[in-house]
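Colleague: Protein sequence lines correspond, in order, to chains A and B. Counting in this note's numbering, the first sequence runs from 859 upward without gaps. Counting in this note's numbering, the second sequence runs from 13 upward without gaps.
Heads up, a few of these hints could be off.
[What the hints assert, rightly or not] Quick list of in silico lysine-lysine cross-link-like pairs, DSBU-like style, CA-CA up to 35 Å:
| hint | chain 1 | residue 1 | chain 2 | residue 2 |
| --- | --- | --- | --- | --- |
| 1 | B | 364 | A | 1024 |
| 2 | B | 469 | B | 323 |
| 3 | A | 919 | B | 412 |
| 4 | B | 412 | B | 162 |
| 5 | A | 1020 | B | 363 |
Derived from the structure by calculation, the hints contain no laboratory data.
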Amino acid sequence: MNYGLNILSIIIWTPLVGAGLLFFVPPVKVRLAKLVALLITLATFISSVNLLSFFNAREAKLQFVEEISWLAQFDINYVIGVDGISLLLVLLTTLLTFLLVLSVKIDTSNIRAYLGSILLLETSILGAFLALDAIIFYMFWELMLIPVYFMIGIWGTENQGKSAFKFVIYTAVGSLLMLVAIIYLGYQFQQQFGTYSFLFADWMKLQLSFQQEVMLFLAFALAFAIKIPIFPFHTWLPNAYTSAPTAGTIILAGVMSKLGLYGLIRFCLPIFPQATIYFASLFMLLGLVSIIYGALMAWVQTDLKRLIAYSSISHLGFCVLGYAALNLEGMKGCILQMVNHGLIIAGLFLLVEILAAQTKSRLILDSAGLAVKLPVFATVLFIFVLGAIGFPLTNGFVGEFLVMFGTFKRNYLFGGLAVLGVILGALYMLSWYRRVMFGKFSTANNSELADLNANELLVLLPLLMLILIIGIHPQPLFNLSEATVRMYVESFIKK
Amino acid sequence: MNIEFFDSILRVLPVLVVITLAIIQLLLGLSKEKSLKLPLLVLFVLFAVFFSFLGAGIPVKNGGAGLLFQADSLTWSLNFILLSAYFLSACLNNKQATDKSVVDSDVLMAFATSGAMLMVAAANLIVLFIGFEILSIAVYALSGVAKKEKASAEASLKYFILGCFASAFMLYGFALIYGATGNLDLAVIAKSDNTMLYLALGLIIFGFAFKIGLMPFHYWKPDVYQGAPITVVSFIAVVVQIAALAAFFKLLAISFIEFSAVWVPVIAGLAVLSMTVGNLLALRQDSLKRMLAYSSIAHAGYILMAFVALKNSAELLYSSITYYLLAYALMTIGAFAVLMLVTGAGAEQYKKDRLMTFDGLGWERPALGFAMTLFMLSLAGIPPLVGFVGKFYVFSEVIKTDLIWLVVAAAINSVISFCYYLRVVLVMYFKTEYGVKGKKRQTKDSLDNILATGYLKFVVTISAVCVIFFGVYAQGWTKLSELPNNLFSLKQSSKVKVDGANMSHSVELLH
Chain A
859 MNYGLNILSI IIWTPLVGAG LLFFVPPVKV RLAKLVALLI TLATFISSVN LLSFFNAREA
919 KLQFVEEISW LAQFDINYVI GVDGISLLLV LLTTLLTFLL VLSVKIDTSN IRAYLGSILL
979 LETSILGAFL ALDAIIFYMF WELMLIPVYF MIGIWGTENQ GKSAFKFVIY TAVGSLLMLV
1039 AIIYLGYQFQ QQFGTYSFLF ADWMKLQLSF QQEVMLFLAF ALAFAIKIPI FPFHTWLPNA
1099 YTSAPTAGTI ILAGVMSKLG LYGLIRFCLP IFPQATIYFA SLFMLLGLVS IIYGALMAWV
1159 QTDLKRLIAY SSISHLGFCV LGYAALNLEG MKGCILQMVN HGLIIAGLFL LVEILAAQTK
1219 SRLILDSAGL AVKLPVFATV LFIFVLGAIG FPLTNGFVGE FLVMFGTFKR NYLFGGLAVL
1279 GVILGALYML SWYRRVMFGK FSTANNSELA DLNANELLVL LPLLMLILII GIHPQPLFNL
1339 SEATVRMYVE SFIKK
Chain B
13 MNIEFFDSIL RVLPVLVVIT LAIIQLLLGL SKEKSLKLPL LVLFVLFAVF FSFLGAGIPV
73 KNGGAGLLFQ ADSLTWSLNF ILLSAYFLSA CLNNKQATDK SVVDSDVLMA FATSGAMLMV
133 AAANLIVLFI GFEILSIAVY ALSGVAKKEK ASAEASLKYF ILGCFASAFM LYGFALIYGA
193 TGNLDLAVIA KSDNTMLYLA LGLIIFGFAF KIGLMPFHYW KPDVYQGAPI TVVSFIAVVV
253 QIAALAAFFK LLAISFIEFS AVWVPVIAGL AVLSMTVGNL LALRQDSLKR MLAYSSIAHA
313 GYILMAFVAL KNSAELLYSS ITYYLLAYAL MTIGAFAVLM LVTGAGAEQY KKDRLMTFDG
373 LGWERPALGF AMTLFMLSLA GIPPLVGFVG KFYVFSEVIK TDLIWLVVAA AINSVISFCY
433 YLRVVLVMYF KTEYGVKGKK RQTKDSLDNI LATGYLKFVV TISAVCVIFF GVYAQGWTKL
493 SELPNNLFSL KQSSKVKVDG ANMSHSVELL H
């Protein structure tokens, strides 16, 4: 399938080259800096869309595989490839990065460094999604911390130093234990097959005792659970999401949280099948707790950004639930919901940021009746809110429906509770929308209000359209990932 | 004059070259000729590297019995690391204190380096001890080189008194070995079995643990680091620690491999203790030098941890350990060079050695801030920098021994170390309650003075480039360390002969 070009490598490394280019832009030429970043992210997005035309959706196996030796004595190779699951997430990443570079304000301080961090982050995220060798995966995974650390710390607000620190330490705890587990698996492979291998595909052949599986599963799952995050590993999230600048928040919520789920599907499911079954109920329970806890916490927030942050925990709970159902419907729902959540949460955070810039406040109580003054804004926001609560004909509905279908197949009680989560979600989302948009018009600071401008619309419209298109006609998306998901689930059931 | 005579001269030639350098520096110092410093340094270091490379090509006869000096690819890679570290430290040692003491410390550094090279090349206990003493005595004097500073004098005295104890214990250990086996040859000791050797082993571990600064024997370290001038500190942190670790490693690998059941738990315990306490104490430090002192204790712990894998395949272990040593040398020297650029030289370096001196550095001097960030991230073990690859190597070696708890302890320790390494980055870039202020800092002047020399910038650049290069292209170090083998196409096993079977095998291949 490789047509002469190392297309995946190009996708991964283009943003890094862009970050290098930014270095040569004179500091005063902020527009030029933004233009460079914009073109680079656009090029990355286009080449990832270009993948679609060469991607064989009927093929469950990895495609466009590239391989370069990195550390010969341990047989570690830079191996990358894409399948139905990672393709969707790569597309989501490149699209969101492009849109949020578009949304970056020209007057951001040190804009070159800011854009450079975004680009470095894009490279590391894409690398983690596409890496097939565990060590390479780990390297991208860990590299991700650095740009996020700087983004929160430098451009963040409200106790940003502490939030950045908390984020890094939480993530590092999980990932270093994962590193130990990765090395152990490589060593196990060497014991059983004579040579080292850190390829996921090879690891599926490993014969592990139940006890080994449980320990290794926990080491991996901890790293992923912190990244998603699942309750009770979520405590870094409200701080980090609130402190981070909008672009940072969107990448954290929209893309990086997916890495945790992706890891669960990519590593834990095929390599530790026994442990996955053993812990499935626990994961379902934690997913449910995340849904309900996130919803309840969101309900009582007064700060809009914090509210969306908690709603993100709640929505990611659905993905976890779908994953833990361990059947085709749940898994399909989980993957679709990952994409949906990325699109919706990005839009919501962007809109909250726009609103805060207009009214000079992020508190719900500070504004009311804005729909009168900002009709376009109110409409756009309403569609995102509908997506978030899973209203029919929006993408959220399809995803949540599949997840709940999968959950019911597994366990009626959990399925019932998940429905409760959906209701709660509708309650808090609609209630803050009502308070801010309807009623008697007032704003705290009597600031001048202006509706969405062209640039903002340009950023939001693609997301909006995708929400509706996926909601009305989700089949193409399923087609892309169907074969891979089926293979994962079926080979799992066989074991 | 037979060929064997030349062979043994060639084996020790790198050490002789460095001693010659020391003597020339001493003579030049008397005539106040300073412009020759750098050319001489470059020339002699290159010669030493070249000769230790050639030395690795000398065929070993009779399985190496009766040799005083070893010259194989392990010695070559250790010499390479020591000489590079020496070269970089000597570059730091420039116009930083009063002129006279620069000459003194140049000479002492060269002598200390020759001792270090003797230690890692020793195949005989007496040679090992002589190297150990040449190194130690030079370093005692070095740490007191800033004569006008009380702290420096205190550091020197403290180091000297405690160091003498350690040397005495070690010598006693060597004497016991001789008493038990009637031999001082490292390889011969391995074959004997005598209860007295247990006691000797204990004393030797004690001596080395002191010299490396492992946890219960570390008390000299923070004080010496704080008291001595930065150039000396970077030398102690790198050359002394690497030589001591490498010699310790070789002694355990060659002479005491049969006793591994005894020392593995001790070493594992020392390693965990050093990492944990080192990292925890580093958290509380405001002085960068003290912080790096504790961090060097922690890193010694990581390296020591790899020793427990000696029972398994030695092949990979050697390159893993030398890689970590190289990584440690690069990151540490780089960090010290930045520190020196920031705090300046002379007396003020003691007052400015505080975290707050780095306040806003990342914005004021982006290149320097970037370099410091690299060193800190690498020390913390963030990929794809050398620190990460080093940790990966060490972790994978230890996992082979099934001492998983040890690796988990090391992983948790890495997280702790994130806290204080990232704090430096935080102070350099972030606006916090004490961070990044708008006003220009007063250190600017003293900085420019030193910048004029350019040496420091050179050291920072070299270290930063290598930290990235050897991280991204980790294979590079393996290739470099095995270069003599491949070039001379020796069929002999390049590694230290661990057991008899292995030895006869490699000798057979030779003939």
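Colleague: Evaluate each hint against the coordinates.
Modeller: Quick rundown of the hints versus the structure:
Under the criterion of a C-alpha separation no larger than 35 Å, the hint pairing residue 364 (chain B) with residue 1024 (chain A) is consistent with the structure, at around 29 Å. The suggested pairing of residue 469 (chain B) with residue 323 (chain B) is violated, with an alpha-carbon distance near 43 Å, which exceeds 35 Å. Restraint check for residue 919 (chain A) and residue 412 (chain B): the C-alpha separation of about 32 Å stays at or below 35 Å, so the hint holds. Taking the CA atoms of residue 412 (chain B) and residue 162 (chain B), the gap is near 48 Å; set against the 35 Å cutoff, the hint is violated.
Proposed proximity of residue 1020 (chain A) and residue 363 (chain B) is supported: the alpha carbons are some 28 Å apart, at most 35 Å.
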